[in-house]
Amino acid sequence: MSHTAAIITVAYSIAVLIGAAISFAVFRSTSRPLEEDRSGTWSRRETTWLVIMIVVLFALLMGTIFYVPYGDSAGPHAQYVRVTGVQFAWAIDAPQPIVTGRPVEFLARSRDVAHGFGVYNPDDVLIFQAQVVPDHEQKIVHTFSQAGVYTVRCLEFCGAGHDKMVSTFVVKPA
Amino acid sequence: MMDERSLQVARGLTISYVKGSTLILAASGLLGVILRWSQAVPQARIGDNFWYALMTAHGLGAFVGWAGFAVMGLGYWVLAGVGFPVRGFGFAMAKLTWWLMVLGVVGVIVTTVFMGFGASWVFLYPLPFYGSGNWGDWATGLFSFSVLLVGLAIVTWCLAILHTVTNREALHSVSSSIGKRLGLSFGWGFLMPRTFATNPKPVPYPVIPLAVIGLDMIIATLPLAGLLIWQILQSMHIVGQANVLLAKNILWWFGHPVVYLLLFPAVAVYYWLIPRYAGRDLVAGNVIAIAWTVAVIANVLVWAHHLYLDYPSGTAQAQINTAMQPITFALVLPSALSLYSLAFTIYRSRFRWTPASTALFFGLVGWLLAGLSGVVNATIALDVAVHNTLWIVGHFHHMAMLNIGLLIFGATYALLPELSGKALYSEKMAWIHVWTTFLAGMAFFGIWLVQGLDGAPRRWAVLPSQYDTLTRVSLIFVFLLAAAQLLFFWNVLQTLRGKAGAASFDERGIPVPGKPSGDWSVHAAEAAVLILALLLAFAFAVGGYFVGREHPRGGNTTTTTGTSTSGGGAVTGDAKAGAALFASSGCGGCHTLAAAGANGNVGPSLDAVKPSEALVIARETNGKGAMPSFKDRLSAQQIADIAAYVHESTTK
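If you read the protein sequences in the order shown, they are chains B and L. Each residue of the first sequence is one higher than the one before, counting from 384 in the working numbering. Each residue of the second sequence is one higher than the one before, counting from -18 in the working numbering.
Isolated chain B, as found in the complex:
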């Protein structure tokens, strides 16, 4: 599991536990119904709930929006790798052996339909991915820290051989 997937697992689990506790509390509360009508108070407090939600979502937005993968630059010492997706194979063309520690710029294109360039590390953990659509060049920047054989799987449905669209490339120690 990747670092990001681990964060999602923890955050989602906590949120689900809280949600389950609240759901159960609401369920149990109906066994002791209130005599008086408090609907008016609860209705007015909905504004407070709206404010809480806006604050929470804004915090999540500010905490995550700066980690988008867009516009990454590999810098002057980049290693360039050409990737071509075609039904149902990846051609990965690295003029020099790919090494760890230096940014790699993948320049990916498709010859036919949309494909998804999903890269799994030697432990078979999904570490990054991007879409590759025809007529456009997709630039993906990544710096490898681990040497070994990486697996590429297609992560956008591309037809009958989609699940056969698997390839590998090797990253050598610097």
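Worth flagging that the hints you see were computed from the coordinates, not collected in a lab. Predicted model, so just to flag it, every value in this text is computed and none were measured. A virtual CB, placed ideally from N, CA and C, is assigned to each residue, including glycine. Please note that a few of the clues may not be correct.
[As the list claims (entries may be wrong)] Okay, the calculated bits of chain L under chain B, using three or more residues with CB under 8 Å as the criterion: (1) 112 to 120; (2) 164 to 175; (3) 199 to 205; (4) 439 to 449; (5) 478 to 488; (6) 562 to 574.
[Unchecked claim] If we take Cβ atoms under 10 Å as the criterion, some of the chain B residues that face chain L in the derived model are: (7) Val399; (8) Arg427; (9) Pro452; (10) Ala497; (11) Lys555.
Could you slot chain L onto chain B? The hints should help.
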């Protein structure tokens, strides 16, 4: 103000939608079982393209043909229930919608199951024109036409809804301006009473979500109709290829709001039925109108969160995507406020717990679960880890089955007696159905979330072998879920046949359980169905597990065979069988072979290299460079067949 005739009209409409959509649920649910079974049990594996064709039918069938169709029908009855009769133009559109939807779904089934169209329900352009020999332009044209019919059904439904919610009499509106009346239906009377409201209670809450989606789906569907017409023309070779990135944006311009075509009418049903079971009015502040105003706008401006991982150089897609994250977050607000209102409506009320209201309550829990995983998907930095993995499949099954699906079941149990005048056949069957659906669904879809976090790719007919164990475990829950639906179908059928007598209702309008039949055969039948279902579930799951274990894919056995054939030719290849395998395995995608009409140029041209049989076997078995190994997917015999074919057709 609701005369008996208007009620009769809405009743007839809703019943016809419920019947049609329930039949589609049966068909598309069965397809879903086949898909997961094929993934889990090697011996039960269906052909790859057939798998994808069934996936296409299952997706469109279950999502739009069942869930969408059902809530569209329930919408009419909700509106009638709060004093908005469907009539005149609205009624004509509602009738037309039924026929367009049914014809469209039949067309989808024919073009996928029988013509092999397997480009998935999102038919990501230009994939429909790259069938790699599995389907032709005819299938693409007919499929596009069928989806166009479904799209038109959505538009005519929207017209029916907009006509109904702008009914001046029902709104108590003196305004002749249609814009002002629509604003009133959006709930603006709560915010600006002097401009919009003309009576103390501006509009019944269930009207608001229906009005919102009625407008939004017209905006969302029209561009898709344009793309579908383009595809039809392209299939007839009248036009050439369209701009691929634009087509993808248009697809998702529709593809996101269509989820809300399911959710918003479902919210209307919650707003209407939860207060009935709680015995108090919906607890809602005027701010709820703010949330729905946000929804009108945000719903049609979040499409690109499905394109977060498209950011090709020289386009504005990255900027569009970045803007979509805050807008998508804004769309959380109508859900968050609705859940608040519904939870407080139930909280410490004299809530009447029946199978119907329990299903509605579980539906709210499913909504919460789907919403939370949706926030993950909406966050670009997190989406990178789960995009197009099985996590997404888990997310939208929470949404479609455990939120919308349970709502439909709950509404069916709650409303079928008042719609049909007949008492529910068996309350006990309904209890078993609701609980099993919720629990088995939670387990089944939870496994998808876990597999997705572990990087399992979505839409793979055959998953990489490290995911097999969990896939087989999930089979137990798949069959439990399917078996529970059999109880639902039987219960609805027997109810409609009047097996439990006439319906009666308590003071809140909640159906009173029919006279429990003392006949022992009913209980025996219920018990038999349940026991049989459980036994089948375990038998299939356990059987599948052991069969799978006996036949490891890519294990040592296969490798040994591969090596020995490449050395000595222990297996003799059949060139004729090889020709078919060459096409179905996608070899031509990369290699040129004139005899097969293949002109791929990723790998070496076979016509130029004229490889020996041994070389072909070695490359197919072990792969080299970009060429993947096929030893996990083809048997030694099949590999030898292809080698024989390649050798024969290049040396003649």
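- [ ] Could you check the structure against the hints above and give me the numbers of any it violates, in ascending order?
- [x] When the structure is compared with the hints, numbers 2, 3, 5, 11 turn out to be violated.
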